[in-house]
Amino acid sequence: MPIKISKETADEQFRQKVKEISGEDFQKCYQCGTCSGSCPMADQITVLPRRVMALLQLGRKDALEEANTHWVCASCHMCMVRCPRGIDITRVMESLRQLKLRKNEDIINPSEISKEDTEKLPQVAMVSGFRKLTS
Amino acid sequence: MKISYYPGCTLKTKAKNLESSALACLDALGVEYEELPRWNCCGAVYSLSDDDLIHLIAPVRDLIRVQEQGFDTVLTLCSMCYNTLARANELMKNDEVKRGTINDFMDEEPDYKGEIKVVHFLDFIRDEIGWDKLKASVKNSLNGMKLAPYYGCTLLRPGDVSIDKSNSPVVFEECMEALGAEIVKFPKAIECCGSYQVLGNPEAALKVSNDIITDATAHGAEAMALTCPLCDYNLGHRQEEMLKKYKGTKALPMFYFTQLMAVALGVDPENYNLDLNQNISQEFLKGKNLLEKVTT
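Note that the protein sequences, when read in sequence, are chains A and B.
Residues 69 to 203 (the numbering used here) are what the first sequence spells out, left to right.
Residues 9 to 304 (the numbering used here) are what the second sequence spells out, left to right.
Please keep in mind that the hints were generated in silico from the structure rather than gathered at the bench.
Do not rely on the hints blindly, as some may be mistaken.
[What the hints assert, rightly or not] Below are the EDC-like pairs computed for lysine to aspartate or glutamate, each with C-alpha atoms no more than 20 Å apart in a straight line:
| # | chain 1 | residue 1 | chain 2 | residue 2 |
| --- | --- | --- | --- | --- |
| 1 | A | 96 | B | 58 |
| 2 | A | 188 | B | 211 |
| 3 | A | 85 | B | 59 |
[Stated by the list, open to error] Listed below are several chain B residues computed to face chain A (Cβ distance under 10 Å; list not exhaustive):
| # | residue |
| --- | --- |
| 4 | 161 |
| 5 | 162 |
| 6 | 170 |
| 7 | 201 |
| 8 | 203 |
| 9 | 204 |
| 10 | 206 |
| 11 | 241 |
Each residue gets a CB set at the ideal place from its N, CA and C atoms; glycine is no exception.
Same shape as in the complex, but just chain A (with noise of 0.2 Å):
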């Protein structure tokens, strides 16, 4: 599928923001796609890492916006430790995760989860998912 790009599609402070809340520079990005092939939700997600980046450096706030890749992401780190350019891509997903949860906007809802899930779910499956997915 091509990507369009435009002045108009070009979200600079969108860019700015994600740079700022993650410090990581995608820019050094060079598309080899060996996060994409390590990430292993890849059958599970509708962006692979390699075109989150891309769509990033061309600040595509609207296509990002509608990608699940990020709320997929369970922050394994392998992307991390395998990227060549060296590119923290766990922050850059966590950074994609901030910009909606700092409105407030939850992706879960804990009053939701069962009873029953509650009594067998370990307090530390509680304690990330609500770190990760709630504001």
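Chain A is fixed; fit chain B onto it per the hints.
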């Protein structure tokens, strides 16, 4: 050498079997430890935002408690606690500006500069006990059990807190081999079980966990050793769901590696707490005559 022990939330409840077996092993190996007084939850995940320091307060406060306790090393059992505490410690050691901000914010606490050494049970045994001594302490060998040690993510990544080489670790295999297991190497041993996505995308987590189990059984594993309570939930407690959903998946008994170590070191079976594992785990050990051996 006496060390501090940090349990974390899950080890006092859902993963009592990890704590009780590990502490019994430390006793059997003659390691002196003392549980950290007034420990608090570490936060389970390390903050990955550059501008978010508030989530570092919890793990740093735990490290300050260790310093107050008078020890220079803190031992962790849960992989996620290990990762969170170790990364917070690295930041306090290396980032002067953020260290200053955090210390100023916690003005009621003494300043902290990252002096504590954060270790996980596995690298502690490797570095302080050694495989030879561990091997010599074995009373009931695991007797060639075909065992797949599964690392998961947080013991190995990122590299600066990895307990071994991030992409080609051997510490877990060497440990279980010393206890008499036959090691089954499988490519997905260092891949993710889905972690906290059990809350956000439970089906996606089930799929990657299923991939790990089928990879291990395809390589000949008859049991799996784990280090993390979240992996145990995804790979062990959700196995029934997995078997229903995915045809061809074979049930695989799961153990915390410390439970198998406790069996091998011949400690009192009361400490195994096998009732918190799936039923097949207990049956598997019985079938291997590893429970009878100890009790008789």
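(message) Please list, smallest to largest, the hint numbers that this structure does not respect.
(response) none
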